[in-house]
Amino acid sequence: DSGVTQTPKHLITATGQRVTLRCSPRSGDLSVYWYQQSLDQGLQFLIQYYNGEERAKGNILERFSAQQFPDLHSELNLSSLELGDSALYFCASSPGDDGGNQPQHFGDGTRLSIL
Amino acid sequence: EDKVVQSPLSLVVHEGDTVTLNCSYEVTNFRSLLWYKQEKKAPTFLFMLTSSGIEKKSGRLSSILDKKELFSILNITATQTGDSAIYLCAVFDSGGSNYKLTFGKGTLLTVNP
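Respectively, the protein sequence lines represent chains F and G.
So in the numbering used here, spot 3 of the first sequence is number 3, and the numbers just go up one at a time.
So in the numbering used here, spot 43 of the second sequence is number 43, and the numbers just go up one at a time.
Same shape as in the complex, but just chain G (with noise of 0.2 Å):
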């Protein structure tokens, strides 16, 4: 079965902090692993990753994958009261029955003034 676990659950930070979202997961056959943001409704996409080692990047926020492993993690930098989301990570299984997308529980991003 796949497994995708993030940490933190939750974490509470104050505007101009950094903060380090966690993603690990287990999968059969990997293909990518993607990063989403949920506020009220849906979850809007920020980061698809494959290869190992190469960071992408849309302005505060970042992101890289360890094939090796077995991991990802998220990078908001200087965060804004409009960070405050769930981020979600999910990783892309492409083998036989396991043919899916399978997400992580989330972390849950509270950013106060």
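Chain F extracted, bound-state conformation (with noise of 0.2 Å):
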């Protein structure tokens, strides 16, 4: 278990929906980092945040956003949803805002599917 939590595991929906993805960092991490995981692209950086504030920005679709709240909680916004969007959403923390310097921890992931 990483300590890296995210809500919900699965999610089913419908083109053109909006829906909130959901992660609570490790106890004592400041940087939550965003990916998508599909079987085509492998792994694919969205955006991080550290400590409430975006540190750095990935290949992130307009119709995607992210935000991180005070208590360090994330959620990922995916709007306008496409059939190309379902994948694999991770988060991942690490302490500081040096991602380079320190590995990344995930979450289990939050599977979504546009039906």
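Please note that the accuracy of each hint is not assured.
[Unchecked claim] Derived PhoX-like pairs (lysine-lysine); straight-line CA-CA distance at most 25 Å:
(1) F/LYS57 to G/LYS105
(2) G/LYS105 to G/LYS56
(3) G/LYS105 to G/LYS3
(4) F/LYS9 to G/LYS105
(5) F/LYS9 to G/LYS57
(6) F/LYS9 to G/LYS41
(7) G/LYS67 to G/LYS57
(8) G/LYS68 to G/LYS105
(9) G/LYS3 to G/LYS56
(10) G/LYS57 to G/LYS37
(11) G/LYS68 to G/LYS56
(12) G/LYS57 to G/LYS68
(13) G/LYS37 to G/LYS67
(14) F/LYS57 to G/LYS3
(15) G/LYS57 to G/LYS41
(16) G/LYS3 to G/LYS37
(17) G/LYS3 to G/LYS68
(18) F/LYS9 to G/LYS37
It is worth saying that the hints were derived from the structure and are not from the lab.
With the hints as a guide, bring the two chains together.
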């Protein structure tokens, strides 16, 4: 158990809808990272938050947004969903803001299926 | 664009065999290379490497980094069925807009009894 908690575990919805994925980092970790894992693309970095502020941005679509709250949990919002958004979404956390100096620890992911 | 290439893509061995997994990379500002093991769910952290030539070891697993040739290997000795998993290599680029962890596609290891 990594200590990173993600909810829900599974989500099934339809095209055009909006969903929110939630992540609680390990105790003491201030950085939260979001990744998308699909069969053809592998694990792709979306965005990092550190202590409530956006720290780094990857290949995140404009239809997607995230935030980190004062209690350090984070939410990833996906809107105007398309079939291609079906994937496993992982959250990871690390203690500081330097993602290259500390290993990131991953949650079990949320499997999103778009029908 | 950062690139991380793992080989082989898949590997089938028998219990007790030794395996070597490869990871080569091209990034702008190398900071660290990480290995993860992914079974059914979350990738679990194995090693973080930042310096060339220094072997990291944990039980039957070991890893080493060559920053001159831009690659790393992960060795698993005396494999067990519980080692069956996807092994992911990731490289952290600390440069500007590339500031992120880039993952390879992984090596699927199957250990048969």
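(message) Check the hint pairing G/LYS57 with G/LYS41 against an upper bound of 25 Å on the C-alpha distance.
(response) The given pair, whose Cα atoms are some 24 Å apart, holds under the 25 Å limit.
(message) Check whether the Cα positions of F/LYS9 and G/LYS41 lie no farther apart than 25 Å.
(response) OK: F/LYS9 and G/LYS41 at ~10 Å, within 25 Å.
(request) Given the hint that F/LYS9 pairs with G/LYS37, test it: the Cα-Cα distance must not exceed 25 Å. (result) Holds. F/LYS9 to G/LYS37 sits at ~20 Å (cutoff 25 Å).
(request) Compare the distance between the alpha carbons of G/LYS3 and G/LYS37 with 25 Å, and conclude whether the hinted pair is satisfied. (result) holds, 19 Å
(message) Against the 25 Å threshold, does the CA-CA distance of G/LYS105 and G/LYS3 hold or violate the hint?
(response) Within the cut-off at roughly 10 Å; holds.
(message) Hinted pair, alpha-carbon criterion (25 Å max): G/LYS57, G/LYS37. Please report holds or violated.
(response) holds, 15 Å
(message) Check whether the Cα positions of G/LYS68 and G/LYS56 lie no farther apart than 25 Å.
(response) holds, 18 Å
(request) Please work out if F/LYS57 and G/LYS3 have their alpha carbons no farther apart than 25 Å. (result) holds, 17 Å
(request) Please work out if G/LYS3 and G/LYS56 have their alpha carbons no farther apart than 25 Å. (result) Holds: G/LYS3 and G/LYS56 sit about 23 Å apart, inside 25 Å.
(request) Would you check the hint for G/LYS57 and G/LYS68, treating anything up to 25 Å between C-alpha atoms as holding? (result) OK: G/LYS57 and G/LYS68 at ~21 Å, within 25 Å.
(message) Tell me if the straight-line CA distance from F/LYS57 to G/LYS105 falls inside 25 Å.
(response) Since the Cα atoms of F/LYS57 and G/LYS105 sit roughly 21 Å apart, the hinted pair holds (cutoff 25 Å).
(request) Compare the distance between the alpha carbons of F/LYS9 and G/LYS57 with 25 Å, and conclude whether the hinted pair is satisfied. (result) With Cα atoms ~33 Å apart, F/LYS9 and G/LYS57 exceed 25 Å; violated.
In the structure shown, a violation is registered for the earlier hint numbered 5 alone.
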